[in-house]
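Protein chains in written order, with this note's numbering: chain A, 39 to 388; chain B, 39 to 388; chain C, 39 to 388; chain D, 39 to 388.
Rather than coming from a laboratory, the hints here were simulated on the basis of the structure.
Misleading hints may appear alongside valid ones.
To be verified - Calculated pairs, DSS-like style, for lysine-lysine (alpha carbon to alpha carbon, straight line, at most 30 Å):
id, chain 1, residue 1, chain 2, residue 2
1, A, K57, C, K299
2, C, K57, A, K299
3, B, K57, D, K378
Bear in mind that the values here come from a model prediction, so they are computed numbers and not experimental data.
Protein chains: 4
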Amino acid sequence: MLVVMQHGASPAEVDRVVKTIEEMGYQARPMPGAQRTAVGLVGNDGRVDASRIEALPGVAQVIHVTQPYKQVSREWRPENTVVTIAPGVSFGGVEIPIVAGPCSVESEQQILTAARAVRAAGATALRGGAFKPRSSPYAFQGLGRQGLELLALARRETGLAIVTEAMDEEGAQLVAEHADCIQIGARNMQNYSLLRAVGRMRKPVLLKRGLAATISDLLLSAEYILAEGNEQVILCERGVRSFDPAARNMFDLTAVPIVHKLSHLPIIADPSHGTGLRDKVTPMARAAVAAGADGIIVEVHPTPDRALSDGGQSLYPEQFARLVAELRAIAGAIGRSIAKTPGTAPLEVR
Amino acid sequence: MLVVMQHGASPAEVDRVVKTIEEMGYQARPMPGAQRTAVGLVGNDGRVDASRIEALPGVAQVIHVTQPYKQVSREWRPENTVVTIAPGVSFGGVEIPIVAGPCSVESEQQILTAARAVRAAGATALRGGAFKPRSSPYAFQGLGRQGLELLALARRETGLAIVTEAMDEEGAQLVAEHADCIQIGARNMQNYSLLRAVGRMRKPVLLKRGLAATISDLLLSAEYILAEGNEQVILCERGVRSFDPAARNMFDLTAVPIVHKLSHLPIIADPSHGTGLRDKVTPMARAAVAAGADGIIVEVHPTPDRALSDGGQSLYPEQFARLVAELRAIAGAIGRSIAKTPGTAPLEVR
Amino acid sequence: MLVVMQHGASPAEVDRVVKTIEEMGYQARPMPGAQRTAVGLVGNDGRVDASRIEALPGVAQVIHVTQPYKQVSREWRPENTVVTIAPGVSFGGVEIPIVAGPCSVESEQQILTAARAVRAAGATALRGGAFKPRSSPYAFQGLGRQGLELLALARRETGLAIVTEAMDEEGAQLVAEHADCIQIGARNMQNYSLLRAVGRMRKPVLLKRGLAATISDLLLSAEYILAEGNEQVILCERGVRSFDPAARNMFDLTAVPIVHKLSHLPIIADPSHGTGLRDKVTPMARAAVAAGADGIIVEVHPTPDRALSDGGQSLYPEQFARLVAELRAIAGAIGRSIAKTPGTAPLEVR
Amino acid sequence: MLVVMQHGASPAEVDRVVKTIEEMGYQARPMPGAQRTAVGLVGNDGRVDASRIEALPGVAQVIHVTQPYKQVSREWRPENTVVTIAPGVSFGGVEIPIVAGPCSVESEQQILTAARAVRAAGATALRGGAFKPRSSPYAFQGLGRQGLELLALARRETGLAIVTEAMDEEGAQLVAEHADCIQIGARNMQNYSLLRAVGRMRKPVLLKRGLAATISDLLLSAEYILAEGNEQVILCERGVRSFDPAARNMFDLTAVPIVHKLSHLPIIADPSHGTGLRDKVTPMARAAVAAGADGIIVEVHPTPDRALSDGGQSLYPEQFARLVAELRAIAGAIGRSIAKTPGTAPLEVR
């Protein structure tokens, strides 16, 4: 941490900063400059609360040199973490799994049709919401526990791994029982009680980036989960809020190489929420693989114009099949491959 | 709702939109234009899921004419809602209460000193976090239940009403027992499980705007609480994320008159989080009152340079006292007044 | 400037940074830390191009300690600059001038009616566009030179000082001949050729903040003007782009106290463009004065529903008159006053 | 255009809206709804100024159904516009040209070395700034006319087409004489005087998206150029301002498929400014091609750590060569190809 003093700060003010740093148990290293003095804090263990120093007279600015997260950082662990949510379904290696399915689980027929369609087209895992966070209390909120049971049925029928969202601790317990990966949605990215709860579980977590979360915020939220002992965290870029109404969100694909540099955790991309527009999903899914994403999560619905939610951004099954073919070619172009659909043989074994 | 067709959409495509609207149980009203046709959906009860129509061929855009919220809107209830959190402490009337106190409850001595200081300076209610949502899992997370007990003690000592944050349902129950108003923080503004939980309680709620929440999002989150039967909701502008690092947040004071037009709920302003910088708190608190805010919530700490959190944005007690004097003058200039500090007499009665 | 090395950067890499800094003519001061080494650059004169150092192997980040602007900074000149655009019309002192008038000059009758109305209500200066930057090439682009002549006529008739926009060097010359202050609009805030051109003139400049300009960007643009020798610069907050469609722009009033701390230049506020909504102009103009703005610029039109541009955000003359009365009360509450309307007597003398 | 009336607007208020629309020369079509009445304006030719109607009593909102631009829209011209800046160098077809080179022209040796290196690696055109818009007046501002002459020399030596920026009308004339394509930078995207000036020239224009420009704003700025008669416009996504300091800008690649749907003009992508970080340029250039960009513009410097500007985001020549190879593979995967480097034979002919 670097404490920059105001131009013209008095020696007594610099001295008080030095003393305060030492009182807090760290070393202070003053560094006089041409225009102003700075004081380095050496030994920062990530627990320093800068406010105390910011409040001292003569201080112009406190600059954080050390990142505030630890266990999620690549400095903590240089090699990639590979998160395996089901046998053969791993994120963070050379293979890129594709998670596909409808926004919400609506009925047995709908989810089974969707599951078979995305499996036939090349998906590795099935997505589908049983608990739906909706901006309006009057919108369809999901089938709840029954939805989870339908997802479990779809897994038995197709062998696809299941990824689905939880909105609170109780829901997370239920999701952990029925599915392979607990999704934490964008709106709950800083719901620390929920992050701690899934951190205490031994189930992989898919953590989506919040609507206004910086990449540092996303990593800090993942840190909450790792700090509780659960290292099986997959990050997900899904678009952030922007000033441009041309798309529902602004899909920040640069997050992929940035996270790869800062963290050992895998990061996947969601071009459906990332753009909010069906005809943008295909080009942006291609772009995500080209940018190095460790997986793709995409909304596919057997009949989008009858969907109870998000129909407008869901792909038709045949669009999705064409997309998977393109993704294979692009993955090949950068030395990776699309993960295989789970076979029926390993299915019996589970 | 207005469905705008693409330029050159075929009559069959327009017809399918009309039929789909009718199937959904609403009336369709086609409106041919010079360049393109639009189809009005009449009878929207707020439950229409636009995605289903957006997905139809030939549709260019779906425009929402009706606001998605209901009970929070001024059209639902034209007169102001006045939320009374304790005898004599009301938000939404002519009087403007001031809520002040430290970021976190740290110790008995700290919170009592702070409570006495802010009471002496003119505050009506005391703020102070017992449960602290912090970006880093390694930062001070609050004293929890013990913090709530200290707040209750401060109430007994000073007569100040207590406003404090809850981060989950269990915490909300505890806050409801010890305090006068449950605060839902910015990070949990779209934690719908928590919103529903406090909606089922009979305790006033202070709902802070999320970091990237539009005003419509804020009102929809309030709608979750009202939809469960709790109408005692106070909204709070506390700054949003922006591109400018010059301040921690961008304090969007225009939210005050906008909310006043759209909703009957009171809205207060938090210049401490709204700016994140102590020397900006005073001018922006003045601006908030001038803009018509129904209350001010501000961080004051007896010794900011020793605070365990947010010391850099906390006012010194004497700065706060000067601020209250200025706020009185500004409130008077626009026909309002600063609410009085609770007396000791009504205190005995409680 | 502080060069932060990557965790695990080699001594040779640190050494290369040191050498590069010395080659560039500055002093290097290495500062080993617990987790990583930093190297301070001492003697930064504001001309250091960080890219050269950022590109070196082993460098994690370059942190700018010194602000990139100079002459506009309060460190360069501690006392407020007072910019006088006409006798008795000064920005940056205790008095707060009000600039009012229509978005565009439309006709002799319109501008004279408007000028008389705003003068009667208490304005000090008249605004009105002769050259209008419009997003669409098909929208009304202003009367050009004829508009300037009408403004000059309005000055002769009312004694009001004239503020009007220029969009290019040629236009700036014309504005300088006819008006008292050259406005540079938000869209041209980083049109450096234009900034240099008005920097070479000896006429006060009103520089509006760009739609996505940080306060540092705004000050750097002002620096372009001062660097050419023109110190008569008034800054203007007029709202920035945001994610919330609830208002046309997000009015960032905290810019006022931030600029007051960083710079000696006066800063005024434009609640008309800042909000884009007539019924928000009054509360936000009050807020601007309460926040410490050195002036207010506001759109007033004799008949807003017949305006050729921006009618929806223009005040009616009687609304403006009530607003001025409120502003007087608020200015008084914080020890300032609204500047007086120019009298007819000094008018003869000009 | 749709005028939405307030809930409870009186018949007289609706009538006044109808009359005003008719006075303006359009047809009005009232549409009563369950909750509120709307009035459609039929016959909008793109010149309607909504403010006049917004200002009427009883009006809640004005919704624009028709896009404000015309000649740039795909509805105006369904087939792609192909912009040819030099023989064999075309944007908007199946082939994807790569424009590469240093941020600034610094010297004869530097630009010739860079030109030869990017040509050898597969570039089709050379970029390099002679006029540099810099945030600080004290930063290197480019070699000006001499820089243009060095670019012309590089063209003679290598056969590469030249793309370089102009900051004002005079500079645009010079660029038109020496180069093949006039670049308008992000900061000047709404400098309408400059847009009109290049609209009157008969030289291709590369128009970069402004820092806070919506895609609609970008298209409107292009409309200014087309409206003056110059249809040779190439758009460029180069990142926008965001709240996340993790990258210099937020690279909004979804702009590529959005522009392709709305407009017939080609759009290219600039991953150097789009990310601002050298190690993000390669993955994001790949992503841009996968998203469907019609060209790539990328900074390459022979010795980035000695660059006078933007060294930190410039690729080393060998990195660029590897990138081009990857781009060829990705382009192939989606049925496109990277444009060929101009041969020496056609060079003699020019």
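Checked hints:
The suggested pairing of K57 of chain A with K299 of chain C holds, with an alpha-carbon distance near 27 Å, which does not exceed 30 Å. Among the hinted pairs, K57 of chain C with K299 of chain A is consistent with the structure: their alpha-carbon atoms are about 27 Å apart, no more than 30 Å. Distance check on the hinted pair: K57 of chain B and K378 of chain D sit about 52 Å apart at the alpha-carbon level, beyond 30 Å; violated.
Hint 3 alone, counting from the list given before, is not met by this structure.
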